[in-house]
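**Q** So you can see what is in the structure, the chains are spelled out below.
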Amino acid sequence: MTNHWIDIAHADVIMIIGSNAAENHPISFKWVNEAREKRGAKLINVDPRFTRTSATADNYVRLRSGSDIAFIGGMINYALTNGRIQKDYVVNYTNAAFLVDPEFRGPTDLDGVFSGLSDSKYNKTTWKYQMDADGNPKKDPTLKDSNCVYQLMKKHYSRYDIKTVCEITGGDPKAYDEVYDLYTSTHKPEKSATIMYAMGATQHTYGSQNVRSYAVLQLLLGNIGVAGGGINALRGESNVQGSTDHAALFHILPGYLNTPKASQQTYEQYVKESTPVSNDPMSANWWGNYPKYSASLLKAFWRDADLETGYSYLGKIDNGKNYSTIPIIEQMAWGKIKGLFCWGQNPAVACPSSRLVRRALAKLDWLVAVDLWETETASFWQKEAGVDPSAINTEVFLLPAAASMEKEGSISNSGRWAQWRWKATDPPGDARDDLYIITELVYKLKGLYKKEGGAFPAPILDLNWDYAKMGMDGHVHHPNPREVAKEINGFFLKDKEINGKVYKAGQMVPSFAFLQDDGSTCSGNWLYCNSVSDTENKMMRRGTSDPSGQGFFHDWSWCWPVNRRIIYNRASVDMQGNPWAKDKPVIWWDGLSKKWLGDVPDGGWAPGSKYAFIMLPYGHARLFAPGMADGPFPEHYEPLESQVRNLLSKQQESPVIFRWDKAVQGQVCDPMLVEGAAACVFGSPDKDKFPIVCTTYRVTEHWQAGQMTRWLPWLGELVPDMFIELSEELAKEKGIKNGNKVRITSIRNLEGIVAYAMVTKRFRPFVVDGKKLHQIGMLWHFGYKGRVTGSIANDLTPLIGDANTMIPEYKAFLVDVNREEV
Amino acid sequence: MAEYIKLIDLTKCTGCRACQVACKQWNELPAEKTGFSGSLQNPLDLSYDTWTLIRYDEFEEDGGTKWIMRHDACMHCDWPACVKACPSPGALVKTDTGAVVHDKRFCIGCKACVVACPFDIPRYSKKEEKIAKCTLCYDRITDGKPPACVNACPTGCLQFGPKEQMIEQAHKRADAVGGAVYPSNPKYETHVLYVIPTEIQLAQLQHVNPNPKMPTTILWWKNLFKPFTLLGIGGVAGLAALHYMIKGPHRVSEKEEGGEADG
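Each protein sequence line maps, in turn, to chains A and B. Heads up: the first sequence at position 725 corresponds to 724 in numbering that gives the first Met the number 0, and the numbers run straight through without jumps. Heads up: the second sequence at position 21 corresponds to 20 in numbering that gives the first Met the number 0, and the numbers run straight through without jumps.
Incorrect hints may appear among the rest.
Straight-line C-alpha distance at most 16 Å; calculated EDC-like pairs for lysine to aspartate or glutamate [as the list claims (entries may be wrong)]:
(1) A/K173 / B/D119
(2) A/K123 / A/D160
(3) A/K153 / A/E189
(4) A/K760 / B/E60
(5) B/K32 / A/E727
(6) B/K93 / B/E57
(7) B/K171 / A/E36
(8) B/K125 / B/D138
(9) A/K37 / B/D174
(10) A/K760 / B/D61
(11) B/K162 / B/E188
(12) A/K362 / A/D669
(13) B/K65 / A/E33
(14) B/K212 / B/D119
(15) A/K86 / A/D139
(16) A/K760 / B/E59
(17) A/K760 / B/D119
(18) A/K760 / B/D174
(19) A/K173 / A/E189
(20) A/K123 / A/E102
Here are some, though not all, of the chain A residues that point toward chain B, as calculated from beta-carbon distances under 10 Å [claimed, not checked]:
(21) P25
(22) S27
(23) L366
(24) G576
(25) N577
(26) P690
(27) W702
(28) Q703
(29) E716
(30) D720
(31) E728
(32) G734
(33) V758
Here are a few chain B residues that sit away from chain A, every Cβ distance over 10 Å (derived from the structure) [unchecked claim]:
(34) G14
(35) V20
(36) K32
No lab work stands behind these hints: they were computed from the structure. Every residue, glycine too, gets a C-beta built ideally from N, C-alpha and C.
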C-alpha cells in the first residue's frame with residue numbers, strides 16, 4: 000500500500016476493483032465503514048460477480064473477467080475529456096509535460112501495438128524523452144506540444160469512450176457513467192479517492208498494466224501521496240509485504256535491489272548499471288544512493304569479505320531469463336531441477352496447471368516440505384493424489400513447522416508496518432520455527448562443505464550466521480530473531496565519523512541516510528534501517544498516541560521507510576508546502592521552524608526545492624512508463640484464452656507474453672509439458688468446446704491452498720466442499736440445479752474436475768460483441784488432504800504469465816461445465 | 000450490574016462469519032458435520048452446537064441483486080417467554096445484565112422454552128436431552144469483556160454497550176442511513192437490537208419474527224393456571240393440555256397474528 004489501513008478512513012470515494020476485500024481482507028471494512036460513516040464516503044465495487052463486497056457497496060458495476068484495462072481506460076478518458084484532472088498536480092508532479100521522441104508511435108497509430116515490436120519483443124529506442132543540453136527531459140508546462148506525454152495520452156485514451164468500453168466489458172453504460180462521474184469528482188484538490196486491489200487485478204497476462212492503469216488514473220486526479228488516496232495492494236497473506244521487502248523473489252535482493260546478471264561480472268559494473276544518474280539539481284534521485292545499500296547488504300551476508308569478493312559470491316541470473324514459478328515448474332518437468340524446498344507453500348494445489356506440477360514433482364530426486372500439516376505437495380506421491388506410490392522415486396521429507404503464534408518475529412502488513420509478534424505458546428511435538436530449521440540447515444551445510452570441500456564452498460563457509468550457537472548435542476539452540484532484526488537494520492562495522500559525530504563499531508545505523516558504500520556498515524535491508532536503534536526494537540512499540548489526529552500512530556510499531564506512514568507525501572502539498580486538503584493534511588511546512596510537520600516527510604527539503612517523487616531519477620511520477628515490457632501506456636488486450644475478439648484493435652492478446660505452448664512446439668519433450676501449456680486461443684477450433692469464461696477466487700473461510708484451514712473443524716464446517724458459482728441462466732441452459740455435482744473441463748484437462756454447483760443470482764451472463772457470454776467462478780482452496788477435501792481448481796488453469804512479472808493467469812480462462820451424471 | 004445491549008448494524012455486515020466461529024471457540028462448541036448447502040449459509044440453522052450463524056438472503060430488486068447477511072442469535076428478551084415457560088427453577092434465568100442464560104445442570108429437557116420462544120431460538124439435543132442457546136457470553140460480560148462475537152467482528156457491525164447508549168446509537172444510525180431499528184415494538188424490549196437498512200423488508204429475510212410478542216398461552220399458563228397444575232400435573236403435560244384447551248388441535252392458521260410463535 001502507498002498508504003495504510005487506517006488511512007482508508009480519509010477517502011471520499013473508495014473503489015474496490017480486482018479485490019473482494021470484504022471477504023479476503025475483512026478488517027479493511029472497519030476503515031471503509033468509518034469513511035462512509037464519518038465522511039459520507041461512497042464505495043464503488045467493480046467485479047464480474049456480485050460478492051460480499053458488492054453487497055455493501057453504494058455502486059456496483061460489472062465487467063467480465065479480463066476487461067479491467069478497458070474499464071479504467073474509460074474512466075481515464077472520462078477524466079481527460081471532462082476536465083476532471085487536478086491540473087497543478089499533473090503539471091508539477093507527473094511527467095505529463097515531458098516531451099517524448101517524435102518517432103514514438105502508439106496503438107492508435109499502429110492498430111494495437113507500440114513502436115518497436117519485433118519477434119514478440121519491444122525494441123524501446125523510441126520510448127524515450129527528448130533531452131535538453133544538460134541531459135534532462137524537455138518539458139512543455141502548457142501541455143500543448145503534440146509530443147508531450149499529456150497529448151500522447153489523450154490520443155491514446157480517446158478510443159476508450161464509454162460505448163466502446165461497455166461493448167468490451169459487457170457493462171451497462173449508464174452505470175459506468177455514474178461511477179466515472181463519482182470517482183473522478185475527486186480531482187478537486189481537497190478530495191481524494193483510494194483504490195483497493197488484490198489478485199483480481201494482478202493475476203492476468205497484463206496484470207502489471209492493470210495496476211499501471213490505476214496509477215495513471217490516480218495521478219491525473221492528484222490522488223497519490225495524499226490522505227485517503229493512493230493505490231493500495233491488499234496483500235494476500237499477513238506477511239507477503241515482508242517477504243517481498245526481503246526478496247522472496249528471484250529478480251530482486253532485499254530492499255528491491257537488483258539481482259546481479261551474468262553480464263555483470265564485477266561489483267563495479269553492477270553498481271554502475273544499477274545506479275541512476277540525474278543532472279537536475281531539483282531531483283533528489285534517491286536511488287543515487289544505491290551503492291551504499293548494495294555494499295551494506297553484501298557486508299550483512301559476508302562480514303569479512305571485501306565488496307568485490309562478496310559480490311562474486313552472489314548468484315547471477317542469465318540476462319533476460321525468468322526464474323519465477325512457471326519457469327520453475329517447466330524446468331522441473333524437463334527434469335532439470337533435482338531438489339526442491341517448499342516452505343509454507345503448496346504448489347500441488349496453488350500453482351497453475353497443478354496436475355503438471357504434481358507430475359513434475361515426481362521428477363525430483365528429493366523434496367522437502369516445511370508446513371503445519373501434511374500438504375498435497377508433501378503427499379503428491381500418495382494414493383489420494385491418484386498415483387501409484389511405487390512408481391515414484393522422489394525422496395520426500397516433511398518438516399513440521401511452528402504456526403505464527405508459536406514463534407517470535409516480525410510481520411510486515413500491507414501498510415508496510417513491521418510489527419513484532421511474541422511467541423504465545425510452544426509448537427506441538429517436534430515442530431520447530433522457521434528460523435530454527437534454516438539455522439540448523441545452514442550449520443549442517445557449513446559443516447559438510449568444511450569437511451568435504453566441493454564446488455565453490457566459500458559463499459557458504461563465509462556466510463555470516465551468528466544468530467545462534469551450535470550445542471554439544473549437534474543441534475542449534477535458540478536462534479534469536481531479535482539478532483536477525485538487528486542485522487536487517489544494520490550496524491557499524493568500524494568506528495565512523497559522519498557529519499562530525501563518531502559512531503562506534505557495533506552501534507546500530509540510525510537510518511539509511513547513514514549507510515556507507517565503503518563496507519563500513521552492514522544492513523540486511525536498507526528499507527528496514529531505522530527499525531532497530533541502540534536502545535529499542537521499534538517494531539515492538541505499541542504507543543497509541545496520535546498527536547496530529549491524522550491516524551499516523553507513529554509510536555505504534557514501525558513502518559518502512561523511516562516510519563513514513565504515507566509514501567510520496569511531498570505530493571500531498573502544493574508548491575508552497577500547503578496541504579491540498581486542509582481537513583486531512585499529511586505533511587505541512589512550518590515557516591517558523593523551517594520544518595515539515597505531520598507525517599515523516601519524503602525528505603526534509605523545503606517546499607518547491609525538490610521534485611515530489613524522490614525515488615524517480617527525473618523526480619516526476621510516470622504517466623508514460625517506458626520501463627514496462629508491454630507498453631508505456633496500458634492498452635486493452637484480450638486474455639490469451641478468450642471468446643471475444645479484441646474490439647479495440649487487431650492485436651488480440653498481449654504481443655509480448657511468453658507462449659509456453661509455442662516454446663515446446665516441435666521439441667521432443669514430455670507430453671505433459673505440451674498438455675500443461677496448451678491454450679484455447681481465439682480463432683482456434685477448440686474455442687467452441689470451451690465457451691465459458693472462468694475465474695478462480697477465495698472465500699473468507701479458507702486460506703489460500705487450504706493447507707492451514709482444511710484441517711480446522713470450525714472452518715471446515717462453514718465451507719465443507721469445493722463448489723463453483725454459476726448464473727441461473729447458465730444453469731437452465733445446462734440443466735443444472737443448485738447443489739448438483741458438475742464437471743468442469745478445460746483444454747488442458749479434458750477429464751476435468753468435479754465440484755458442487757451453487758446456482759446464484761450473483762452471477763449473470765454478459766453481452767459482449769452482440770453475443771451472450773457466460774462466466775463462472777470457482778474456489779481454489781481444495782485438495783485431497785485435510786478434514787474437508789475437494790477437487791483442485793488449478794488442475795484447469797493455464798500455464799501463462801504476465802509479460803512483466805510472469806505472475807500466472809488465474810483469473811480469466813475458458814472452460815466448459817456440465818452436469819455430472821450419477 | 001448494568002443492563003447491556005448487543006447492537007447489530009446490518010448496513011455493516013460483510014458476512015465474514017468471524018462471529019460464528021468466535022462463538023464456537025469461546026463456548027467450546029464442536030463443529031457440526033455439514034455438507035454443501037447450496038448457499039454460503041452453513042450450518043443451515045441454529046442447533047444445540049451452533050448458537051449463532053450468519054443467514055444469507057439473496058433476492059432481486061429493481062433489476063439488481065441484493066444479498067443480505069444477518070447475524071442470528073438469541074434476542075435476550077427483557078420479558079423472556081422462555082424463562083416464563085420454564086418449569087425448572089434455575090434452568091433459564093434472566094440476569095441483571097439483560098442476558099438470558101441457560102444452565103444445563105437444571106435443564107430437564109421439557110422443551111417448554113422451545114415452544115414458547117417467539118424467535119425460535121432454544122435448540123434441543125436428543126442426545127443430551129437438554130436445550131442450549133446464546134448466553135450473550137454472560138461469562139465474559141460480567142468480567143468486563145464484550146461477547147465473543149462482538150469481540151471478533153472486524154467491521155463494526157456488532158457492537159456492545161450499556162443499554163441506553165446502544166438504544167441511542169441504534170436510532171442515530173438508523174436515522175443516518177434512513178433505516179429502521181428492530182424490534183420496534185416499545186412494549187417488547189430485547190437486549191439485542193438491529194439496524195435494518197431502508198431497502199430491506201423484514202418479511203424478505205429468513206427466520207425473522209417481524210412483530211414479536213409474548214405468546215398469550217404463556218401468560219395464561221404461568222399467571223393463572225400454573226399454581227394449580229403444580230398440585231400434581233407434570234409441567235409438560237400441563238402446558239400441552241392447556242395449549243389444546245386454548246388453541247385446539249394444531250392446524251395451520253390463516254391469520255396468525257403478526258407471525259406470533261405459539262408452538
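**Q** Taking the hints in turn, state whether each one holds.
**A** Hint check results:
no.	hint	verdict
1	A/K173 / B/D119	violated, 44 Å
2	A/K123 / A/D160	violated, 28 Å
3	A/K153 / A/E189	violated, 25 Å
4	A/K760 / B/E60	holds, 11 Å
5	B/K32 / A/E727	violated, 28 Å
6	B/K93 / B/E57	violated, 35 Å
7	B/K171 / A/E36	holds, 11 Å
8	B/K125 / B/D138	violated, 26 Å
9	A/K37 / B/D174	holds, 14 Å
10	A/K760 / B/D61	holds, 13 Å
11	B/K162 / B/E188	holds, 11 Å
12	A/K362 / A/D669	holds, 11 Å
13	B/K65 / A/E33	violated, 22 Å
14	B/K212 / B/D119	holds, 12 Å
15	A/K86 / A/D139	holds, 14 Å
16	A/K760 / B/E59	holds, 8 Å
17	A/K760 / B/D119	violated, 29 Å
18	A/K760 / B/D174	violated, 30 Å
19	A/K173 / A/E189	violated, 27 Å
20	A/K123 / A/E102	holds, 11 Å
21	P25	holds, 4 Å
22	S27	holds, 8 Å
23	L366	violated, 32 Å
24	G576	violated, 36 Å
25	N577	violated, 33 Å
26	P690	violated, 24 Å
27	W702	violated, 13 Å
28	Q703	violated, 17 Å
29	E716	holds, 4 Å
30	D720	holds, 4 Å
31	E728	violated, 13 Å
32	G734	violated, 16 Å
33	V758	holds, 8 Å
34	G14	violated, 5 Å
35	V20	violated, 5 Å
36	K32	violated, 8 Å
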